[in-house]
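Engineer: Spelled out from the first residue to the last, the chains are:
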Amino acid sequence: MNALDLPLREQAAAIAAGDVDPAELLEAVLDRIAERNPAINAVVETFPERSREMLAAAPDGPLYGVPILIKDEWPLPWRAQRFGAAELLAPTAPGESGPYRALRDAGAVIVGVGNMHELGAGSTGNVSVYGAARNPWDLERCPGGSSSGPAAAVAARLVAGAVGADGLGSIRFPAAYCGLTGLKPTFGRAALAGHHMAAITSLIVSGPLCADAADCRLLASVLFAEDLPAGEAGGLRIGAVRDAVSEDVSPEVRATCEAAIDELRAATGGEVREVELADLGSATMAAILAINAESLSGVTPQRLNELDPELSPIARGFLKYRMLLPAAAVMQAGRVRTLLRRRLAALFADVDVLAWPTIPAVAPPLDAPLVELPSGTQTADQANVRGAALANLTGIPAISVPVGLGSGGLPIGLQLQAAWGGDALLLDAAAALERANERRWVEAQPPLAGIGAGA
Amino acid sequence: MDAADRAEQFIPAGLASFGIEADDVDLAVMSAAHQMFWPAILELLSRDLSDVAPERQPDLSRAPEAS
Numbered sequence: 003m004n005a006l007d008l009p010l011r012e013q014a015a016a017i018a019a020g021d022v023d024p025a026e027l028l029e030a031v032l033d034r035i036a037e038r039n040p041a042i043n044a045v046v047e048t049f050p051e052r053s054r055e056m057l058a059a060a061p062d063g064p065l066y067g068v069p070i071l072i073k074d075e076w077p078l079p080w081r082a083q084r085f086g087a088a089e090l091l092a093p094t095a096p097g098e099s100g101p102y103r104a105l106r107d108a109g110a111v112i113v114g115v116g117n118m119h120e121l122g123a124g125s126t127g128n129v130s131v132y133g134a135a136r137n138p139w140d141l142e143r144c145p146g147g148s149s150s151g152p153a154a155a156v157a158a159r160l161v162a163g164a165v166g167a168d169g170l171g172s173i174r175f176p177a178a179y180c181g182l183t184g185l186k187p188t189f190g191r192a193a194l195a196g197h198h199m200a201a202i203t204s205l206i207v208s209g210p211l212c213a214d215a216a217d218c219r220l221l222a223s224v225l226f227a228e229d230l231p232a233g234e235a236g237g238l239r240i241g242a243v244r245d246a247v248s249e250d251v252s253p254e255v256r257a258t259c260e261a262a263i264d265e266l267r268a269a270t271g272g273e274v275r276e277v278e279l280a281d282l283g284s285a286t287m288a289a290i291l292a293i294n295a296e297s298l299s300g301v302t303p304q305r306l307n308e309l310d311p312e313l314s315p316i317a318r319g320f321l322k323y324r325m326l327l328p329a330a331a332v333m334q335a336g337r338v339r340t341l342l343r344r345r346l347a348a349l350f351a352d353v354d355v356l357a358w359p360t361i362p363a364v365a366p367p368l369d370a371p372l373v374e375l376p377s378g379t380q381t382a383d384q385a386n387v388r389g390a391a392l393a394n395l396t397g398i399p400a401i402s403v404p405v406g407l408g409s410g411g412l413p414i415g416l417q418l419q420a421a422w423g424g425d426a427l428l429l430d431a432a433a434a435l436e437r438a439n440e441r442r443w444v445e446a447q448p449p450l451a452g453i454g455a456g457a
Numbered sequence: 003m004d005a006a007d008r009a010e011q012f013i014p015a016g017l018a019s020f021g022i023e024a025d026d027v028d029l030a031v032m033s034a035a036h037q038m039f040w041p042a043i044l045e046l047l048s049r050d051l052s053d054v055a056p057e058r059q060p061d062l063s064r065a066p067e068a069s
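Protein chains in written order, with the numbering used here: chain E, 3 to 457; chain G, 3 to 69.
It is possible that some hints are incorrect.
Computed spacing ranges between beta-carbons, pair by pair [what the hints assert, rightly or not]:
id: 1; chain 1: G; residue 1: Leu-47; chain 2: E; residue 2: Arg-275; range: 31 to 37 angstroms
id: 2; chain 1: G; residue 1: Ala-55; chain 2: E; residue 2: Pro-61; range: 45 to 51 angstroms
id: 3; chain 1: E; residue 1: Asp-352; chain 2: G; residue 2: Ser-33; range: 39 to 45 angstroms
id: 4; chain 1: E; residue 1: Arg-275; chain 2: G; residue 2: Asp-50; range: 29 to 35 angstroms
Listed below are several chain E residues computed to face chain G (Cβ distance under 8 angstroms; list not exhaustive) [said to hold, decoys possible]:
id: 5; residue: Trp-80
id: 6; residue: Met-287
id: 7; residue: Asn-307
id: 8; residue: Arg-318
id: 9; residue: Gly-336
id: 10; residue: Arg-343
id: 11; residue: Gln-384
id: 12; residue: Gly-397
id: 13; residue: Trp-422
Where chain E lies over chain G, by a calculated footprint (3+ residues, C-beta under 8 angstroms) [unchecked claim]:
id: 14; stretch: 10-18
id: 15; stretch: 35-43
id: 16; stretch: 46-60
It should be emphasised that the hints constitute simulated quantities derived from the structure, not laboratory data.
All residues carry an ideal CB built from backbone N, CA and C; glycine is no exception.
Just chain E, same shape as in the assembly (with noise of 0.2 angstroms):
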């Protein structure tokens, strides 16, 4: 197999043993950005000479030679992050970033830089102020967002692994419609440092975007710093909710997501257990307003005055709408994240995992993004989010893993979300599930053809 198309962890231990030089991966990862990425835009800017130079200084770590993107929300050493946009309205710079350290110190090579839905403000991935990137699996659907570039780019093959950054579902929302397995890491546990958030932020994440649990586990530890040594799931006690989560989806989803379910309580030896968790539909307002006032830190009414042209509009007014939220109503959403902590820990005492669809219908059309639903049609944000805010507005660790094709041909993604600490249950559950199904959803490729991949 080309080295290119091999799983994150064997192109590290590629290199390890001598069988891949990772100059000529590098090279070969730039001439296949070169020839695919036209086509999905998911790759917003290369730097060969900084990469090359990366290459030469790697120290001996677990990701030695191996070529990675990461998303343009971070600084690099060469090149502040735009987070997708004409502006941000925190001050950027050049610089060393908590993830660029933990990839340069574990030997990788930062290769380019992922697009983003601009101000990291969308699950779809269709505005940014480079364009929007497109879903490898369909050219005319959305990726997914906000980290639309690092999830386009591991699903085309141009890398092997990405780094991406969740605040309300931006890793598995687009690992969902690309296929891919996304981690959003327990709150605090992966390097943030360098963001223009990371002071002020009680949401955001980085972590991984791979094809699979193994890769995503690689990429993870490195992010983390710290080992997380596979294990067994045995014995999963899986928590079903039956709430506008998992039954306000498309019937595809349901079925697809329900049966992975049950595949996964009999490759565990587990069960599922009907549980409930009340005010799990606060979570969704309640994660909005968090967010929301947190992005605005700093932000005066007069600076809303002074907006770049180039900023979309939708970015535009929704700024200035988020200008006019209650101080109230973020205080209250205060409260309800209490609440809801509390019930999950009470609820992790009974099982292991939470259970339902990452995403509640597959990608939209780029140009429409809305979705058909058992209650009518809403846009995808609208959607989407309901499912991924209580992660973001606990803590507590998600992971999305691509579970069948609907559709259309297009992934459909099972979340999976643990106690404050259980990434590695995830990632394990996440495994277990992958074996069940033979591998045959983190195995799938997208008709690359089409995006100039026919040699």
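Knowing the structure of chain E, use the given hints to seat chain G on it.
Structural biologist: Same frame as chain E, now just chain G:
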């Protein structure tokens, strides 16, 4: 005054209070956002959570301390 009328007043009044300028496009986006978010905000505000003492400087990397 019904909810739609209140919404129509909320945005211009809020913008005027802060001295934030907005063109017609901004106002259209804000109106759509308001329709999307405001019902959930009102629902949140209407809840009596006075018995839920917020965590003091919560450590979101861990389970909450017992209430």
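Engineer: Look at each hint and say if it fits the structure.
Structural biologist: Taking the hints in turn, this is what the structure says about them:
1. Distance hint for Leu-47 of chain G and Arg-275 of chain E: a CB-CB separation of about 33 angstroms, consistent with the stated range 31 to 37 angstroms.
2. The hinted range of 45 to 51 angstroms is satisfied by Ala-55 of chain G and Pro-61 of chain E, whose Cβ atoms lie roughly 48 angstroms apart.
3. Asp-352 of chain E and Ser-33 of chain G have their C-beta atoms about 44 angstroms apart, which keeps the hinted 39 to 45 angstroms range intact.
4. Between Arg-275 of chain E and Asp-50 of chain G the C-beta distance comes to about 30 angstroms, which sits within the given range of 29 to 35 angstroms.
5. Using the Cβ-Cβ criterion of 8 angstroms, the hint placing Trp-80 of chain E at the interface with chain G is not satisfied: the shortest such distance is roughly 31 angstroms.
6. For Met-287 of chain E, the shortest C-beta to C-beta distance to chain G is roughly 4 angstroms, which falls under 8 angstroms, so the interface hint holds.
7. With a cut of 8 angstroms, the hint placing Asn-307 of chain E at the interface with chain G holds, because the nearest CB-to-CB distance is about 5 angstroms.
8. This hint holds: Arg-318 of chain E has a C-beta 6 angstroms from the nearest C-beta of chain G, less than the 8 angstroms allowed.
9. For Gly-336 of chain E, the interface hint holds, the least distance from its beta-carbon to any beta-carbon of chain G being 5 angstroms, beneath 8 angstroms.
10. Because the closest C-beta pair between Arg-343 of chain E and chain G is about 4 angstroms apart, less than 8 angstroms, the hint holds.
11. With its C-beta approaching chain G no nearer than about 6 angstroms, Gln-384 of chain E sits inside the 8 angstroms limit, and its interface hint holds.
12. Against a cut-off of 8 angstroms between C-beta atoms, the interface hint on Gly-397 of chain E holds, since the closest Cβ of chain G lies about 3 angstroms away.
13. Residue-level restraint check for Trp-422 of chain E holds (minimum Cβ-Cβ distance to chain G is 5 angstroms; threshold 8 angstroms).
14. Judged by the Cβ-Cβ criterion of 8 angstroms, the stretch 10-18 of chain G is covered by chain E as claimed, because 4 of its residues qualify and three suffice.
15. Coverage of a stretch by a chain is defined here by at least three residues with a beta carbon nearer than 8 angstroms to that chain's beta carbons; for the stretch 35-43 of chain G and chain E the count is 6, and the condition holds.
16. Coverage of the stretch 46-60 of chain G by chain E holds in this model, with 9 residues showing a Cβ closer than 8 angstroms to a Cβ of that chain against a need of three.
The structure does not agree with numbered hint 5 stated previously, though it agrees with all others.
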